[in-house]
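Undergrad: Residue numbers (this note's numbering), protein chains in the order written: chain H, 1010 to 1224; chain R, 1010 to 1224.
Keep in mind that the hints were calculated from the coordinates and are not lab data.
Warning: the hint list may mix true and false statements.
Copies of one chain are not kept apart here, so a pair can be met inside one copy or by any two copies together.
Taking lysine-lysine pairs in the DSS-like style, the calculated list, with each CA pair at most 25 Å apart, reads [as the list claims (entries may be wrong)]:
| hint | residue 1 | residue 2 |
| --- | --- | --- |
| 1 | Lys1092 | Lys1204 |
| 2 | Lys1220 | Lys1180 |
| 3 | Lys1101 | Lys1220 |
| 4 | Lys1153 | Lys1013 |
| 5 | Lys1017 | Lys1220 |
| 6 | Lys1220 | Lys1204 |
| 7 | Lys1101 | Lys1116 |
| 8 | Lys1092 | Lys1047 |
| 9 | Lys1101 | Lys1204 |
| 10 | Lys1213 | Lys1092 |
| 11 | Lys1204 | Lys1153 |
| 12 | Lys1013 | Lys1219 |
| 13 | Lys1219 | Lys1047 |
| 14 | Lys1013 | Lys1204 |
| 15 | Lys1219 | Lys1092 |
| 16 | Lys1180 | Lys1116 |
| 17 | Lys1204 | Lys1222 |
| 18 | Lys1047 | Lys1220 |
| 19 | Lys1116 | Lys1204 |
| 20 | Lys1116 | Lys1213 |
| 21 | Lys1017 | Lys1213 |
| 22 | Lys1047 | Lys1222 |
| 23 | Lys1101 | Lys1213 |
| 24 | Lys1220 | Lys1013 |
| 25 | Lys1153 | Lys1101 |
| 26 | Lys1204 | Lys1047 |
| 27 | Lys1153 | Lys1220 |
None of the values given here were measured: they were computed from a predicted structure.
Protein chains: 2
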Amino acid sequence: MNVKSFDKSDFLNFENRYNALFFNSLSGIKNVCLIGTKDNEGQSNLAIFNSLIHIGSNPPLLGFMTRPDLVDRHTLQNILSTKEYTINLLVKGMEAKAHQTSARYPKSISEFDTCGLTETYLDDCNAPFVEESPVKIGMTFREKIDIQSNGTHLIVGEITKIQLPEFILNKDGFIDLAAVETIASSGVDAYYSVKLLARYQYAKANQALKKIKND
Amino acid sequence: MNVKSFDKSDFLNFENRYNALFFNSLSGIKNVCLIGTKDNEGQSNLAIFNSLIHIGSNPPLLGFMTRPDLVDRHTLQNILSTKEYTINLLVKGMEAKAHQTSARYPKSISEFDTCGLTETYLDDCNAPFVEESPVKIGMTFREKIDIQSNGTHLIVGEITKIQLPEFILNKDGFIDLAAVETIASSGVDAYYSVKLLARYQYAKANQALKKIKND
């Protein structure tokens, strides 16, 4: 297997588009979701993100990255003004419609309508959920953190509402996302199906590792 | 399909371990990697992380979350003192050994040795890489960002070195991680194989979406 090495002097010679594809796909298989928001006038917005990270379980916090100058600007503006948003996981079959939300639509156009996804609402959440997504998460804005190194922002929110299919929730609290065909992504344009290899017990220093039976 | 809904009053009744499994697996399919470091005395450390995010391509920046009170504390201490670390993607077959690095070993024990992974070095990087990982990324520390909401930290670093198999790098810069069986994770203990569904062209507002041929 031929290996190829790169250092900073090589990166500087990468053409812009090549550079973006290269570094976006280098860092491994990624999460992918749709974030739903509304502006203060009630205009819905939907955008695809692949930078969701788990920040904590107690309180339950999730983060994602935004670049205020790009296509996700409506999402950021809406979150900052309404403090509410939804996170909707993608499952197999949704990838083309979800990818299309990354096009630069004017603010007056709802990506729900133009990309063929269905707006839905849960209880007292004002932000729109995606009907086609089986795992729906309602969020309240908590923090906008500036990344000095490149001027991007980490948006931190608290989970306030969840809806998911009952059969994917295991007795121990594990949510079996593969059972509902949740997909993953890499780069800026690649989508993957996933298959559970194994779950392992909590690792201890002087004990052989055992698999967990997935029930 | 029966759906189940949860709100904040439900979360508060979750038992601790259930709560951790639930919220760690809720947020979708995640990245998984091994981070290699050394302390100032030359003691190697290796730890598994599932919170890697792409922060930017120019300069190339990656971030990951740490909790200073937990098992990843050696990683954080070493990065802050030496400013160097490595990110090593996991491929199929590495998951059990990688998971075992999450056990609480004393600082004098190298997880490379005790978990059966091989320490290797590239050029002038002082931090140890994982030989078994086909995608190796050398990092220089840039920022430690405090998350006020729960006292965790986002560690931001710049990519300074990369080694990968030549055959997974496409002409357009896309790195085909599935071709080398890169795996994904969810929760704190589940590992997944991945299979490419499709790549899509850059989405435009008034143009039908096309797939990209994977070369």
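Undergrad: Indicate, hint by hint, whether the structure satisfies it.
TA: Evaluation of the provided hints:
Proximity of Lys1092 and Lys1204 under a CA criterion of 25 Å is satisfied in neither setting, with 35 Å inside one chain copy and 36 Å between copies. In this assembly of identical chains, Lys1220 and Lys1180 lie within 25 Å of each other by CA distance solely inside one copy; the values are 16 Å within and 40 Å between copies. When the C-alpha separation of Lys1101 and Lys1220 is checked against a cutoff of 25 Å, the pair qualifies only between copies, where the shortest distance is 15 Å, while the shortest distance within a copy is 27 Å. In the homo-oligomer, the alpha carbons of Lys1153 and Lys1013 never lie at most 25 Å apart, since the shortest distance is 38 Å inside one protomer and 30 Å across protomers.
For the homomeric pair Lys1017 and Lys1220, neither the shortest alpha-carbon distance inside one copy (41 Å) nor that between copies (31 Å) is at most 25 Å. In this assembly of identical chains, the alpha carbons of Lys1220 and Lys1204 lie at most 25 Å apart whether taken from the same copy (16 Å) or from different copies (23 Å). When the C-alpha separation of Lys1101 and Lys1116 is checked against a cutoff of 25 Å, the pair qualifies neither within a copy, at 28 Å, nor between copies, at 43 Å. In this assembly of identical chains, the alpha carbons of Lys1092 and Lys1047 lie at most 25 Å apart only when taken from the same copy (10 Å versus 42 Å across copies).
When the C-alpha separation of Lys1101 and Lys1204 is checked against a cutoff of 25 Å, the pair qualifies both within a copy, at 12 Å, and between copies, at 12 Å. In this assembly of identical chains, the alpha carbons of Lys1213 and Lys1092 never lie at most 25 Å apart, being 41 Å within a copy and 29 Å across copies at closest. For a Cα distance limit of 25 Å, the shortest separation of Lys1204 from Lys1153 qualifies neither inside one copy, at 34 Å, nor across copies, at 34 Å. For the identical chains of this complex, Lys1013 and Lys1219 are neighbours neither inside a copy (36 Å) nor across copies (30 Å), given an alpha-carbon limit of 25 Å.
For a Cα distance limit of 25 Å, the shortest separation of Lys1219 from Lys1047 qualifies neither inside one copy, at 46 Å, nor across copies, at 29 Å. Taking the shortest alpha-carbon separations for Lys1013 and Lys1204, only the inter-copy value of 23 Å comes in at or below 25 Å, while the best intra-copy value is 29 Å. Proximity of Lys1219 and Lys1092 under a CA criterion of 25 Å is satisfied in neither setting, with 43 Å inside one chain copy and 35 Å between copies. Taking identical chains as interchangeable, the C-alpha atoms of Lys1180 and Lys1116 are never at most 25 Å apart, the minima being 43 Å within one chain and 35 Å between chains.
Taking the shortest alpha-carbon separations for Lys1204 and Lys1222, both the intra-copy value of 15 Å and the inter-copy value of 23 Å come in at or below 25 Å. Taking the closest pair of Cα atoms, Lys1047 and Lys1220 never come within 25 Å of each other, the shortest separation being 44 Å inside a single copy and 30 Å across copies. In this assembly of identical chains, the alpha carbons of Lys1116 and Lys1204 never lie at most 25 Å apart, being 37 Å within a copy and 35 Å across copies at closest. For the identical chains of this complex, Lys1116 and Lys1213 are inter-copy neighbours only, at 15 Å across copies versus 52 Å inside a copy, given an alpha-carbon limit of 25 Å.
Taking the shortest alpha-carbon separations for Lys1017 and Lys1213, neither the intra-copy value of 39 Å nor the inter-copy value of 32 Å comes in at or below 25 Å. When the C-alpha separation of Lys1047 and Lys1222 is checked against a cutoff of 25 Å, the pair qualifies neither within a copy, at 42 Å, nor between copies, at 36 Å. For the identical chains of this complex, Lys1101 and Lys1213 are inter-copy neighbours only, at 22 Å across copies versus 36 Å inside a copy, given an alpha-carbon limit of 25 Å. Proximity of Lys1220 and Lys1013 under a CA criterion of 25 Å is satisfied in neither setting, with 35 Å inside one chain copy and 27 Å between copies.
In this homomeric assembly, Lys1153 and Lys1101 never come within 25 Å of each other (Cα to Cα): the closest approach is 31 Å inside a single copy and 36 Å across copies. For the identical chains of this complex, Lys1204 and Lys1047 are neighbours neither inside a copy (34 Å) nor across copies (34 Å), given an alpha-carbon limit of 25 Å. Neither within a single protomer nor between protomers do Lys1153 and Lys1220 lie at most 25 Å apart by alpha-carbon distance, with minima of 39 Å and 35 Å respectively.
The structure shown violates the earlier hints numbered 1, 4, 5, 7, 10, 11, 12, 13, 15, 16, 18, 19, 21, 22, 24, 25, 26 and 27.
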